[in-house]
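Undergrad: Residues per chain, in single letters:
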Amino acid sequence: MTTTAANSGSGVPVLEARELSKRYGRKTALDNVSFSIPGESFVALLGPAGAGKTTTLRLLAGLERESGGDVLMDGSSVAGLEPKERDIAMIFDNLALYPHKTGFQNMAGPLLERRLPREEIKERVDAVAEKLRIAHILGRLPKTMSGGERQRIALGRALVRSPRVFLLDEPLSSLDAPLRFKLRSELKRLQREEKHTFLMATPDFSEALAVADTVLLLRAGKIVQESSPEDLYACPVDCEAALFVGSPQISLLRAVVREERIHCAGMSSPLPASLESAAQRLRQSGEDGFLLGVRPERVRPLLSPSSAPDGKAPDASSSSVGEVVDIESQGLRSIVTVCRDKEQIGMFCSAAQRAEIRIGQSLAFTLEDWEGLPAFDRITRKNIVRQGAGQG
Amino acid sequence: MSAPKLEVIGLTKEYKDGAVIAVDNIGFAVESGETLALLGPSGCGKSTTLNMIVGLEQPSSGDIRIDGRSVIDVPAGRRDIGLVFQDYAVFTSMSVRENLAFGLKIRKTDKAVIAREVGKIAEFLDLWDCLDVKAAHLSGSEQQRVAIGRTLATKPSLLLLDEPLSNLEASIRPVVRRELRRLQQELHLSIIYVTHDQTEALSLADRVAIMSYGKIIQVEETLRIVERPGHVQVAQFLGEPPMNILRGRLADAEGGVAFVCAGFTVLFPDCSLPEQVRERGPNKQYALGFRAEDLRLISPEQGQWQGEILEVEIRGADAVVNLNFRGNPLKSVLPGEFRAKSGPADPELLRNGCLAGLALEPENIVIFDADSNLRLESALVRGSAV
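Same order as they appear, the protein sequences are chains A and B.
With this note's numbering, letter number 277 in the first sequence gets 340, and the count goes up by one each step, no holes.
With this note's numbering, letter number 118 in the second sequence gets 102, and the count goes up by one each step, no holes.
Rather than coming from a laboratory, the hints here were simulated on the basis of the structure.
All C-beta atoms, glycine included, are put in the ideal place defined by N, C-alpha and C.
Do not rely on the hints blindly, as some may be mistaken.
In silico lysine to aspartate or glutamate, DMTMM-like type, Cα no more than 20 Å apart, as pairs [said to hold, decoys possible]:
1. A:245 - B:224
2. A:245 - B:302
3. B:139 - B:94
4. A:245 - A:289
5. A:258 - B:94
6. A:245 - B:181
7. A:194 - B:94
8. A:194 - B:292
If you want the footprint, here are the derived chain B segments under chain A, 3+ residues with CB under 8 Å [as the list claims (entries may be wrong)]:
9. 82 to 91
10. 183 to 191
11. 293 to 300
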């Protein structure tokens, strides 16, 4: 897979934020943020509430004036331009519909304002309605539609236009989970097929991973990581990013390297190649301890031989034992959390395995593949593997 | 045998003289110490059911029994039921201590007893440090803890939790779910947990009742309901992603079973029809359900059916591939960590618009009757036809 969608041809990004800042009085909402959005790409702006996502979108759209920095479209500054002059559409959560107008009339609104020919309006609305699977409700009034249908009409209303960039501010967050999943993949398909350029703000890492070509991780007004979804999950820039992305959460475990072996949570392994240069740098600075990021899918509970998938007993040094402190069912599988030496380690187990596990019992577990695990400095909490790859 | 903690029998609620049936002849029981989740999309009748149990609405027909006794004529507030809403409903102008004591105070409980009970609850819910803090100054999850504590202090015989986590930030929900599990474990409460979120239902309940359009369509043990959906709607609702469903007829064919859909036929090799299907004749319509986890992607030449890859949704530990199979949407879960450095197992396989071969083992197929939407007891049989 390509790393980012930097293949828009000309190489000039459609939209660019350059050292953008926004202060409200003494409070800095956005702190010297730079990024660019290539044409035809889907970029997610991911961050918790209060990180500055909406502020960023509002500055880009021209709804607020920046305190410093610049916004460029196709390479030229749009700093002085009004929102209407920027050729950007902004889509909010909870878009309102006109209750006395049909689905078609609601969607056609923005095009009627532009006085487009009737034929062209109908063509546009029908095409978008088809993509959003709402062609059959265009003749109905909003009150006769379900919540999901209303949200689709509202999205369709924004999407009938073809601006240079769409800014989407948590457009799906008011919907129930099943509908959210459905609509987000429809949005993704629409973006790709219509070759739209999307920047979508979301607090939900799973939404960002699912739809985006590139994820911008925003925290306290700063972009802390810009990467592909795969890279964000596998190589988070610091402990906080590692904990924010992924559910169930990653376990951050104390680890040391001694005589070319890594020791962690009572287990040990030959030093994996992915950690060699990081371990060398640690040694040079006189440190040997760090935090190892272990996601639950990497750990396997060890139960009676019959329930192990391959029946193979692992090497004793790569297994350990802890006390079961929590079991959370997810349906087909469960998440078991064990506590060992005041550290908590999460892992998945099957329904059959779950039947054998009780809270308070001791449970053996193993980490078989240590290759590619992220590692973090204990003090700065920064990823020490990424540094080696020359990443900032 | 003692009576169940709560029994709901033939409960119905009609509005506008029967023109609207919000709750349609439902029945279930909650055993003592058990947590039952009432799970369904918004508008399915969960809240109306809850309101009738609490006594805020009068049923059109049917009965509600607590400890074996009908409570239909017992007014709300006298049914010994504790209720916690999604919007906490703590008194923000009061301290945590006053909030926890509130229910006992209006019951004119002895002061020393109140102090003792509040202390116990505060200890249990880890609220000691903020007992004298005004509730307004607490975070959302702390306020929800106070709301639960205030309800627990009155020792209700049944606890109703109505979407208790809906207003909390996503990042804090796993923490609160874990607290609730500890609560269940240590206090052996009887709980009805109302939610539209399957994650909450599956992680907190012993059994799950799935509600849709006013009806309960399945009640099953949590550990089994995802694996054994009894109804097409349950299959299409549970699981992330839910089961794939294809509709068509089933027939014995040379070398296996033919699945005849509108416009195309799929052959499942090396298996035969179960007796139950054969007896019903060849013209019956079925819905076949299979998990995205069980639909494997292989090279297009190998697969005996092929789908077009629409898009790949990265989930972190795995990815969901959306496919177009002759006009039907299908999903496949690709296991394995997606590492940017090494890339997915076979990047050639995953390009948008590419064809992929699809493989499915017959034992992973669930057969539903397409008319009743109910699951058949039997499945495709391994081996050739007799």
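Undergrad: Out of the numbered hints, which ones does the structure contradict?
TA: 4, 5, 7 and 9
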